[in-house]
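Novice: With these hints in hand, go ahead and build the complete structure from the sequences.
First to last, the protein sequences are chains E and G.
Read the first sequence against this note's numbering and you will find it ends at 248, with the numbers running on by one and no gaps.
Read the second sequence against this note's numbering and you will find it ends at 248, with the numbers running on by one and no gaps.
Do not rely on the hints blindly, as some may be mistaken.
[As the list claims (entries may be wrong)] Residues from chain E that keep clear of chain G, each with C-beta distances beyond 10 Å, as calculated: (1) Val170; (2) Asp179; (3) Thr216; (4) Lys226.
[Unchecked claim] Within a straight-line C-alpha distance of at most 27 Å, the following computed DSSO-like cross-link-like pairs (lysine-lysine) qualify: (5) E:Lys122 to E:Lys224; (6) G:Lys122 to E:Lys195; (7) G:Lys226 to G:Lys132; (8) E:Lys139 to E:Lys224; (9) G:Lys139 to G:Lys226; (10) E:Lys195 to E:Lys122; (11) G:Lys122 to E:Lys122; (12) G:Lys132 to G:Lys224; (13) E:Lys226 to E:Lys139; (14) E:Lys132 to E:Lys224; (15) G:Lys195 to E:Lys139; (16) G:Lys139 to G:Lys224; (17) G:Lys226 to G:Lys122; (18) E:Lys195 to G:Lys139; (19) G:Lys195 to E:Lys224; (20) E:Lys122 to E:Lys226; (21) G:Lys122 to G:Lys132; (22) G:Lys139 to E:Lys122; (23) E:Lys122 to G:Lys195; (24) E:Lys226 to E:Lys132; (25) E:Lys226 to G:Lys195; (26) E:Lys195 to G:Lys226; (27) G:Lys139 to G:Lys195.
For the record, the hints were derived by calculation from the structure and aren't laboratory data.
Note that beta-carbon positions come from the ideal geometry of N, C-alpha and C, so glycine has one too.
Protein chains: 2
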Amino acid sequence: MNTTLKIIGYLRSDIKTREEAPKQGNEGGIEAIVEIQEEYEDAMDGMSVGSEVVLLSWLHAADRECQRVHPRGDETRPKRGVFTTRSPDRPNPIGLHPVTITEIDGFKIKVRPMEAIDGTPLIDIKNVQRHK
Amino acid sequence: MNTTLKIIGYLRSDIKTREEAPKQGNEGGIEAIVEIQEEYEDAMDGMSVGSEVVLLSWLHAADRECQRVHPRGDETRPKRGVFTTRSPDRPNPIGLHPVTITEIDGFKIKVRPMEAIDGTPLIDIKNVQRHK
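Specialist: Given below as structure tokens:
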């Protein structure tokens, strides 16, 4: 079984370091550009402005050996297992980012609100389920 | 950059084939067991019954070369890019499963509703964000 991820694109953002990144998109996330690799043109077919999607990212600056953290980095709170948190430090540092597409220009897709840092690799885009 | 996923556990489920699997957990998903590998004991610290979590799985039966599909497998609907769907067939076949933990017995965690097939590898467990 091959479990090596393919990088489908990269994030272009004004957030340059982990220190200045909000913890979640809805806590001060900004508009950012997702640049898709040209080989995934077919997978983008039908994407539209205004759509709500979930971006999956690979949080490349994370510590994959870390199993316990202070929740939200708050050292007054006791450490607990990363599976009970949203910490980027975890065995597989995959970020989930619910965003809205605000513009599409070829392989460049503008989204918001986005909290990941500039250069973060992207690994998937999923449609958001709506239950009507 | 190492983008090879670590398998943190496996799903044990009565759903044995992709054909009998519901498309989403809330469309007939069942109670199933997540068996965590013992090396991730620390990462489980603090998990509790009743918690809502998102499981991330690796949909190992998926076609990673596929970029366009009929939405929901419905051949009367025109094909479109997998990034506009929830199809398991996609460059990185990661499944997102919002579930509730119903029982914890050592490394065996019972969850529901779960639609993935028996033997599906698990790659992450995340806390669900609540905005109060």
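Novice: Decide if the proposed pair is consistent with the structure: Lys122 of chain E and Lys224 of chain E, CA atoms, cutoff 27 Å inclusive.
Specialist: 18 Å, holds
Novice: Can the restraint linking Lys195 of chain G and Lys224 of chain E be considered satisfied, given a maximum Cα separation of 27 Å?
Specialist: 22 Å, holds
Novice: Has the given pair, Lys226 of chain E with Lys195 of chain G, been kept, meaning a C-alpha gap of at most 27 Å?
Specialist: Satisfied, since the Cα-Cα distance of roughly 24 Å is no more than 27 Å.
Novice: What's the verdict on Lys139 of chain G and Lys195 of chain G, does the C-alpha distance respect the 27 Å limit or exceed it?
Specialist: 17 Å, holds
Novice: Does Lys139 of chain E lie within 27 Å of Lys226 of chain E when you go C-alpha to C-alpha?
Specialist: The hint holds at about 20 Å.
Novice: Would the hint linking Lys226 of chain G and Lys122 of chain G be met if the CA-CA limit is 27 Å?
Specialist: 21 Å, holds
Novice: Is the hinted pair Lys122 of chain G and Lys195 of chain E satisfied, with a Cα-Cα distance of at most 27 Å?
Specialist: 22 Å, holds
Novice: Is the straight-line distance between the alpha-carbon of Lys195 of chain G and that of Lys139 of chain E 27 Å or less?
Specialist: 36 Å, violated
Novice: Would the hint linking Lys122 of chain E and Lys195 of chain G be met if the CA-CA limit is 27 Å?
Specialist: Within the cut-off at roughly 22 Å; holds.
Novice: Is Lys139 of chain G close enough to Lys226 of chain G, meaning Cα to Cα at most 27 Å?
Specialist: 20 Å, holds
Novice: With 10 Å as the threshold, tell me whether Thr216 of chain E passes as away from chain G on beta-carbon distances.
Specialist: 14 Å, holds
Novice: Run the distance test for Lys195 of chain E versus Lys139 of chain G: straight-line Cα separation, threshold 27 Å.
Specialist: 36 Å, violated
The earlier numbered hints that this structure contradicts are 1, 10, 15 and 18.
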